[in-house]
Amino acid sequence: SQQGEEDPQALSIQEGENATMNCSYKTSINNLQWYRQNSGRGLVHLILIRSNEREKHSGRLRVTLDTSKKSSSLLITASRAADTASYFCATGGYSSASKIIFGSGTRLSIRP
Amino acid sequence: DVKVTQSSRYLVKRTGEKVFLECVQDMDHENMFWYRQDPGLGLRLIYFSYDVKMKEKGDIPEGYSVSREKKERFSLILESASTNQTSMYLCASSPPGTGVFEQYFGPGTRLTVT
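Taken in sequence, the protein lines are chains E and D. Mapped onto our numbering, the consecutive letters of the first sequence carry residue numbers 4 to 115. Mapped onto our numbering, the consecutive letters of the second sequence carry residue numbers 1253 to 1366.
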């Protein structure tokens, strides 16, 4: 069974608007990661937030983590056409050899 | 720059054929992973390896095997391809321990079994 579940499954916004995607998970985690996948390509790591962190920023990305609610959100500010992609959250274990469990993703479309 | 390459972007095979998917990373990473990705199901882990000649089953290992003879290369083998193995296959690698857990992905191989 999947650990992370993204919401919504699909999101379409106007260029320049902010996009928010949510992820919920079931069990305790060491870290949570967000990845981007452009159509038909491999995944690219965006950001990792550890279980003892509440918020993290990277450029136009802002990730929050609420371990009490077992949820995370990814905010992309001032969206661009190049942000059109699928976004996945992934929950990580306690070593790099642990399995990372991916959700089924949010498909983001940016309208010009 | 980190680089993971996969032997083919697109592959078409017939039912019953033996299929080899190869993955090579140039980052000296200990850990390597094979996933399959299907619409609505996200990524599912098939096998992973944390060292040369070591392998661990993931969530869906049935119908697959793997080989890791060299650190940089991790091969996925479909012993007898079936139509339900039509999918996108993604390889990834990650360095060991010390709090670095992100995975680096190859571009994927879209396999069609007819």
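Heads up, some of the hints might be wrong.
[Unchecked claim] Pairs of lysine to aspartate or glutamate residues, derived as EDC-like cross-links and limited to a Cα-Cα distance of at most 16 Å, are as follows:
no.: 1; chain 1: E; residue 1: Lys102; chain 2: D; residue 2: Asp1311
no.: 2; chain 1: E; residue 1: Lys102; chain 2: D; residue 2: Glu1324
no.: 3; chain 1: E; residue 1: Lys73; chain 2: E; residue 2: Asp86
no.: 4; chain 1: D; residue 1: Lys1305; chain 2: D; residue 2: Asp1290
no.: 5; chain 1: E; residue 1: Lys102; chain 2: D; residue 2: Glu1282
no.: 6; chain 1: D; residue 1: Lys1305; chain 2: D; residue 2: Glu1321
Calculated directly from the structure, the hints in this document are not laboratory data. It should be emphasised that the depicted structure is a prediction, and the values quoted were computed from it without experimental measurement.
Hint by hint, here is what the structure shows:
no.	hint	in the structure
1	E:Lys102 with D:Asp1311	holds, 10 Å
2	E:Lys102 with D:Glu1324	violated, 19 Å
3	E:Lys73 with E:Asp86	violated, 26 Å
4	D:Lys1305 with D:Asp1290	violated, 28 Å
5	E:Lys102 with D:Glu1282	holds, 14 Å
6	D:Lys1305 with D:Glu1321	holds, 6 Å
This entry does not satisfy hints 2, 3 and 4, going by the numbered hints stated previously.
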